[in-house]
Every structure is written in C-alpha cells, then in structure tokens.
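Participant: Can you build the whole structure from these sequences, using the hints too?
4 protein chains.
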Amino acid sequence: MRIRFITTGGTIDKIYFDALSQFEVGESVVQHILADALVDIEYDVVSLLQKDSLEIDEKDRQLLRDYIEADDATRYVITHGTDTMPETADALSGLEGRTIVLTGALTPARFRTTDAVFNVGMAIATAQVASPGVYIAMSGQIFDAGAVRKNRTENRFESTSL
Amino acid sequence: MRIRFITTGGTIDKIYFDALSQFEVGESVVQHILADALVDIEYDVVSLLQKDSLEIDEKDRQLLRDYIEADDATRYVITHGTDTMPETADALSGLEGRTIVLTGALTPARFRTTDAVFNVGMAIATAQVASPGVYIAMSGQIFDAGAVRKNRTENRFESTSL
Amino acid sequence: MRIRFITTGGTIDKIYFDALSQFEVGESVVQHILADALVDIEYDVVSLLQKDSLEIDEKDRQLLRDYIEADDATRYVITHGTDTMPETADALSGLEGRTIVLTGALTPARFRTTDAVFNVGMAIATAQVASPGVYIAMSGQIFDAGAVRKNRTENRFESTSL
Amino acid sequence: MRIRFITTGGTIDKIYFDALSQFEVGESVVQHILADALVDIEYDVVSLLQKDSLEIDEKDRQLLRDYIEADDATRYVITHGTDTMPETADALSGLEGRTIVLTGALTPARFRTTDAVFNVGMAIATAQVASPGVYIAMSGQIFDAGAVRKNRTENRFESTSL
Numbered sequence: 011m012r013i014r015f016i017t018t019g020g021t022i023d024k025i026y027f028d029a030l031s032q033f034e035v036g037e038s039v040v041q042h043i044l045a046d047a048l049v050d051i052e053y054d055v056v057s058l059l060q061k062d063s064l065e066i067d068e069k070d071r072q073l074l075r076d077y078i079e080a081d082d083a084t085r086y087v088i089t090h091g092t093d094t095m096p097e098t099a100d101a102l103s104g105l106e107g108r109t110i111v112l113t114g115a116l117t118p119a120r121f122r123t124t125d126a127v128f129n130v131g132m133a134i135a136t137a138q139v140a141s142p143g144v145y146i147a148m149s150g151q152i153f154d155a156g157a158v159r160k161n162r163t164e165n166r167f168e169s170t171s172l
Numbered sequence: 011m012r013i014r015f016i017t018t019g020g021t022i023d024k025i026y027f028d029a030l031s032q033f034e035v036g037e038s039v040v041q042h043i044l045a046d047a048l049v050d051i052e053y054d055v056v057s058l059l060q061k062d063s064l065e066i067d068e069k070d071r072q073l074l075r076d077y078i079e080a081d082d083a084t085r086y087v088i089t090h091g092t093d094t095m096p097e098t099a100d101a102l103s104g105l106e107g108r109t110i111v112l113t114g115a116l117t118p119a120r121f122r123t124t125d126a127v128f129n130v131g132m133a134i135a136t137a138q139v140a141s142p143g144v145y146i147a148m149s150g151q152i153f154d155a156g157a158v159r160k161n162r163t164e165n166r167f168e169s170t171s172l
Numbered sequence: 011m012r013i014r015f016i017t018t019g020g021t022i023d024k025i026y027f028d029a030l031s032q033f034e035v036g037e038s039v040v041q042h043i044l045a046d047a048l049v050d051i052e053y054d055v056v057s058l059l060q061k062d063s064l065e066i067d068e069k070d071r072q073l074l075r076d077y078i079e080a081d082d083a084t085r086y087v088i089t090h091g092t093d094t095m096p097e098t099a100d101a102l103s104g105l106e107g108r109t110i111v112l113t114g115a116l117t118p119a120r121f122r123t124t125d126a127v128f129n130v131g132m133a134i135a136t137a138q139v140a141s142p143g144v145y146i147a148m149s150g151q152i153f154d155a156g157a158v159r160k161n162r163t164e165n166r167f168e169s170t171s172l
Numbered sequence: 011m012r013i014r015f016i017t018t019g020g021t022i023d024k025i026y027f028d029a030l031s032q033f034e035v036g037e038s039v040v041q042h043i044l045a046d047a048l049v050d051i052e053y054d055v056v057s058l059l060q061k062d063s064l065e066i067d068e069k070d071r072q073l074l075r076d077y078i079e080a081d082d083a084t085r086y087v088i089t090h091g092t093d094t095m096p097e098t099a100d101a102l103s104g105l106e107g108r109t110i111v112l113t114g115a116l117t118p119a120r121f122r123t124t125d126a127v128f129n130v131g132m133a134i135a136t137a138q139v140a141s142p143g144v145y146i147a148m149s150g151q152i153f154d155a156g157a158v159r160k161n162r163t164e165n166r167f168e169s170t171s172l
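Chains as they are written, first to last, in my numbering: chain A, 11 to 172; chain B, 11 to 172; chain C, 11 to 172; chain D, 11 to 172.
Listing some non-contacts, in silico: residues in chain D with all C-beta distances to chain B over 12 Å:
1) D50
2) L59
3) L105
4) G107
5) G143
6) G156
7) A157
What follows is a set of in silico ranges between Cβ atoms, one per label pair, in the way DEER data are often shown:
8) D:D154 with C:H42: 23 to 31 Å
9) B:N165 with C:Q41: 31 to 39 Å
10) B:T123 with C:E106: 44 to 52 Å
11) C:E37 with D:Q72: 46 to 54 Å
12) D:A45 with B:N165: 20 to 28 Å
13) B:H42 with C:T170: 41 to 49 Å
14) C:H42 with D:L73: 34 to 42 Å
15) A:S103 with D:D54: 54 to 62 Å
16) D:E164 with B:N165: 31 to 39 Å
17) B:A80 with A:S103: 36 to 44 Å
18) C:A80 with A:Q60: 49 to 57 Å
With the C-beta cut set under 10 Å, the calculated list includes, among others, these residues of chain D facing chain C:
19) Y53
20) Q138
21) N165
Just so you know, these hints were derived from the structure itself, not from any lab.
C-beta: ideal position from N, C-alpha, C; glycine also.
Facilitator: What follows is the structure in structure tokens.
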C-alpha cells in the first residue's frame with residue numbers, strides 16, 4: 011500500500027500575514043497532518059501548484075492529468091481549493107487503474123477548528139478502499155466525480171443527483 | 011447515506027482530572043469531531059459502553075454484536091480502545107449486509123496533537139465506500155478484521171500477514 | 011479585584027469566511043479565552059468597536075477615553091488591533107486612578123498557534139499588579155504607553171527608548 | 011529586561027503514554043509556549059526538577075532556594091505542580107531583590123484546552139511589573155505568597171484572606 015499526495019494550494023494551505031493583512035497559500039500542511047495522525051503507510055508528497063482554486067485553469071488541470079498519466083503510482087490524494095474542486099475532478103476522469111481522491115478544507119488547516127485533518131483522513135481511506143475512479147471527500151461524504159457541487163451559500167459539498 | 015456511530019470508551023474519549031490525577035473515559039468526543047469537520051450526512055451517535063478496552067470482555071462484545079444484529083442500520087463506525095480493538099473486530103465478523111469500521115486513538119482527542127480526528131475521518135469514509143465486512147481504521151491504514159494487530163512497543167497498528 | 015475588558019476589534023478577533031475569501035473582525039474571543047484559562051476573578055466584557063486598528067480614528071479614541079472617564083471601574087484590559095495600538099495607548103494617558111492595559115494579537119486567536127491567549131494572560135496580570143497608568147502587553151513584554159512602537163518588518167513590538 | 015524560567019515538573023508538563031496508560035511529567039513545554047507567543051525578551055530556561063508537586067519535599071525546596079540565592083538573575087518564573095505550589099512559594103520568601111512568580115496548570119499544556127499558556131503569560135508579566143517578592147499566578151489572579159491556597163474541590167486557587 012503506497013499513496014502519493016499531490017498538493018495544489020487552496021484554503022487548506024492558507025496562512026495569514028499580519029503585516030500586510032493578507033491571507034495567502036503557504037507551504038503545504040499535508041506532511042504535518044500525516045505526522046500528527048501517526049500515519050504509518052508508505053507515502054510521498056509532491057507539490058505541483060500553490061494556487062487558489064479560482065485561479066486554477068484548464069492548463070493547470072492538463073498539467074495535473076499529464077503528471078498522473080506519466081506517473082507510476084496507482085493511489086492519489088490531491089489537496090485542492092474548494093471552489094473548483096469538482097471541475098478538476100472531472101478533468102481527471104478516465105485515467106485507467108488509478109484511484110484518485112480530491113480533498114481540501116473549508117477552513118484553513120492552521121485554524122484551531124478546521125475540517126482539514128478529518129478530510130485528509132477521509133481521503134487517505136478512500137484512496138485505499140475505493141475502486142479505481144475519481145472521488146471528492148468533503149463535508150463528511152465521499153462523492154463520485156461528476157455528481158457533486160460546492161454549495162457556496164451553505165458552505166458545503168452536496169450531490170447533484172436528486 | 012446514513013451512518014450510526016457507536017461509542018464504547020477508550021483513549022479517544024479520555025479526560026484528565028487534576029484533583030485526583032486520574033485519567034478516565036469521559037463523554038464521547040465524536041459529536042464534537044463531526045461538528046468541527048462540517049460533516050453534512052445523516053448520522054446518530056449511540057453510547058453503548060464507557061470502558062478502557064482492556065476491561066471490555068466477551069459479554070460486552072456479545073452485547074455489541076446483539077445490538078447491531080437487532081438494529082436496522084447498515085453502516086457503522088465504532089469508537090473503541092486500541093488495546094483489544096482487533097478482538098472486538100473479530101467478534102463482529104459475519105454480520106451480513108453490514109459495513110462496520112472500528113477506530114479509536116493512540117492519543118486522547120482532547121490533546122492538542124491527536125490522531126483521533128483523522129481516524130474518525132478514515133472510518134466515516136470507509137463505512138461509505140467499503141463492501142460489507144468489518145474493518146479497522148488506525149495508523150493511516152484500513153485493515154480487514156482478522157488480519158491486524160496492535161504493536162504496543164511501536165505504538166501502531168500493523169498487518170499480521172507477511 | 012474586578013477587571014473590565016473592552017474589545018475594539020483587531021487581528022485577535024479576526025475570522026475567515028471561505029465563501030468570500032475574506033478575513034474580517036468577528037465576535038470577540040475574549041470570553042472564550044478567559045473561560046478556557048479557568049479565570050476565577052470578577053470581570054465583564056464590553057464591546058465598544060469592531061474595527062481593524064488601521065480604521066480606528068481620533069473620534070473612536072475619544073469615544074474610548076470618554077467611556078472610561080465616565081465609568082466606575084479602575085482596572086481595564088483593552089483588546090485592540092496592533093497597527094495603531096501605541097496611538098490609542100497615548101490617547102488614554104492621564105486618566106487618574108486607572109490601570110489600563112492594551113493587548114491584542116499578531117496572529118488571530120482562532121488559529122491553532124497564536125499569541126492571543128498568552129497576551130491576554132499578560133494583560134490581566136498587569137491590570138492587577140501595575141500602578142495606575144497605561145501599558146501595552148505584546149511580544150512577551152510590558153511597555154509603558156509613549157515608549158513603544160510596532161516594528162512591522164520584524165512583526166513585533168519594541169521599546170522606542172535606546 | 012531578562013527573565014529566568016525554572017521548571018520543576020507538574021501537570022503543565024504532563025504527557026500521556028498510551029502503551030502503559032500512564033500520565034507522567036515530560037520535557038518542559040515552556041520553550042514552546044514562549045515561541046508560539048512570539049515572546050521577544052531575553053530569557054533562558056533551567057530545568058531543576060521533573061516531579062509531581064505532591065512528591066516535592068523540603069529538600070527539593072531548599073535546593074530551589076539555594077539555586078536562586080546563588081544565582082545572579084533578579085526575575086524568575088517557576089513552573090510547578092499545583093498541589094504544593096503555595097508551600098514552595100512560602101519556602102522562597104525573603105530572598106531580597108528578587109521577583110519570583112510561580113505558575114503551572116490545572117490542565118496539561120499538551121491539551122487542546124488548557125490554562126497553561128495563559129498562566130505563563132500572567133507570570134511573565136508579573137515578573138516584569140511587580141515589586142520584589144514571591145507571587146502565584148493561577149486562576150486568572152496574582153496572589154501574594156502566604157495568602158493563597160489551592161481549593162481542590164473547586165479546582166481553583168483562592169485567597170486565604172476573608
């Protein structure tokens with residue numbers, strides 16, 4: 011069992027700079043989360059992008075798809091901003107033999123109260139247990155790519171099927 | 011999608027009483043973990059036991075099995091002390107049509123650094139994604155019941171298969 | 011021994027709204043900090059302003075001074091944004107018989123790692139122990155009003171005397 | 011301004027070992043607390059004892075007094091278990107020219123919710139501001155040595171004067 015983490019930025023990695031009163035994407039917190047959680051499987055962490063997901067465009071998504079297609083791993087957890095996570099999930103569909111789980115956070119991981127740790131836990135489990143395919147792990151739920159949207163008003167992910 | 015949580019005690023729920031310098035099982039933290047993680051699925055939490063797992067005996071395991079057998083849910087997350095978690099997982103095997111995931115924590119959930127939140131995240135994902143059966147979600151890994159042990163010296167869960 | 015807390019906004023009370031990617035002043039965290047710290051003295055909390063300290067102007071400072079002048083308490087802790095905390099301290103000098111301590115945070119109190127809790131601890135002690143006057147409690151140090159500045163480059167408070 | 015921290019053990023430094031289900035005094039957390047709080051004064055940390063305060067005896071108190079008497083610093087913060095903190099405060103009285111503040115925690119610093127950080131904040135401020143003497147900083151209050159007791163039933167420190 012081996013899992014490759016790919017970080018792309020997003021709220022999960024946001025940090026706050028008081029001097030400028032800015033709130034920007036910083037170093038990924040994924041390794042800290044895995045260490046604190048006493049994770050004892052083989053994994054590595056690759057940082058491909060450091061962007062707000064509103065700034066992730068089709069070129070970035072192609073880069074991500076090309077990276078995975080040329081790569082030898084079979085299980086991926088991708089941390090990603092929440093606003094366009096469903097679009098990136100769609101762009102990764104159809105990569106045979108890969109289990110790909112996207113996750114992120116509605117509240118930065120550096121906050122005292124955050125969904126980041128729980129969400130990465132959901133993602134690492136799904137990457138191990140689910141059949142090949144693309145999934146989103148958010149709001150306590152595992153969604154199939156193509157059947158999920160972010161409801162910004164309610165600040166949650168939900169199924170698009172009725 | 012609906013998940014029933016059953017709490018039985020264990021390190022995950024331990025609290026510290028300074029007056030007596032004791033460290034005892036307290037109210038379950040599961041609901042706080044799910045609220046902080048912005049979980050938005052249907053769930054309920056049933057407290058069946060409040061015990062150190064070294065004190066859980068065959069009668070307790072039979073109670074747990076009988077409860078699930080008579081119950082109408084199909085997906086369960088059971089929080090449990092780590093020392094005898096594998097034994098309880100074994101005692102629950104063979105309950106048809108149920109996906110049962112046991113989890114807990116090596117460090118109490120009330121600590122600043124803990125594996126509890128991550129582990130409950132793994133468990134909730136596994137309960138949704140895995141086929142019916144009994145699983146343990148610990149140390150960043152999803153184990154099948156019957157193929158896992160706690161390595162006390164290394165303070166981790168590991169596979170019993172070579 | 012009785013202490014009156016006055017909150018005026020600032021980084022200490024900042025919260026993050028993902029939907030809008032904004033970072034704004036929210037409800038004051040002072041009561042939570044005092045409860046978590048098991049504070050067992052008489053106190054109350056008055057919210058006079060909810061502003062970034064860059065937006066606090068002379069009218070606000072006059073309001074604050076008038077409030078304290080007309081008030082019957084003798085010991086005050088004021089939480090305030092850091093950028094103009096020294097200016098507000100100056101504006102409160104000369105109020106006879108009052109011990110007034112300003113504090114705040116370089117990192118929001120809602121972060122996992124923050125100076126907020128420690129700083130409020132410093133302030134509550136200074137309000138009890140120091141002679142009447144105006145003080146700033148930041149960066150692990152108690153400064154006299156009029157002899158302190160924020161060094162934005164280094165992100166710390168320092169003495170203006172050599 | 012320079013402060014010497016002396017650590018002696020106690021609940022503030024307690025850690026939990028799951029393997030043995032023990033809860034013991036560990037490495038002092040004082041340096042972590044000061045770093046997280048962005049403390050920017052000169053200080054050092056000396057570890058003299060690592061004991062539950064119920065195990066601190068007259069010989070230990072004499073050691074502590076001798077250490078300070080022979081030392082060249084003038085401002086001290088001593089972290090100490092809560093059960094016999096008042097006794098140790100008494101044993102340090104009368105050391106001319108020294109401001110000595112004892113503090114600790116009713117809940118270990120490694121907990122998510124703890125009074126440790128706030129209490130060290132109170133102590134560092136008192137060590138700077140108070141006149142020479144011996145003080146206890148607990149329960150949000152600064153007490154004079156000799157006029158304070160721990161109320162174990164209520165889990166708080168209180169004045170012995172009426």
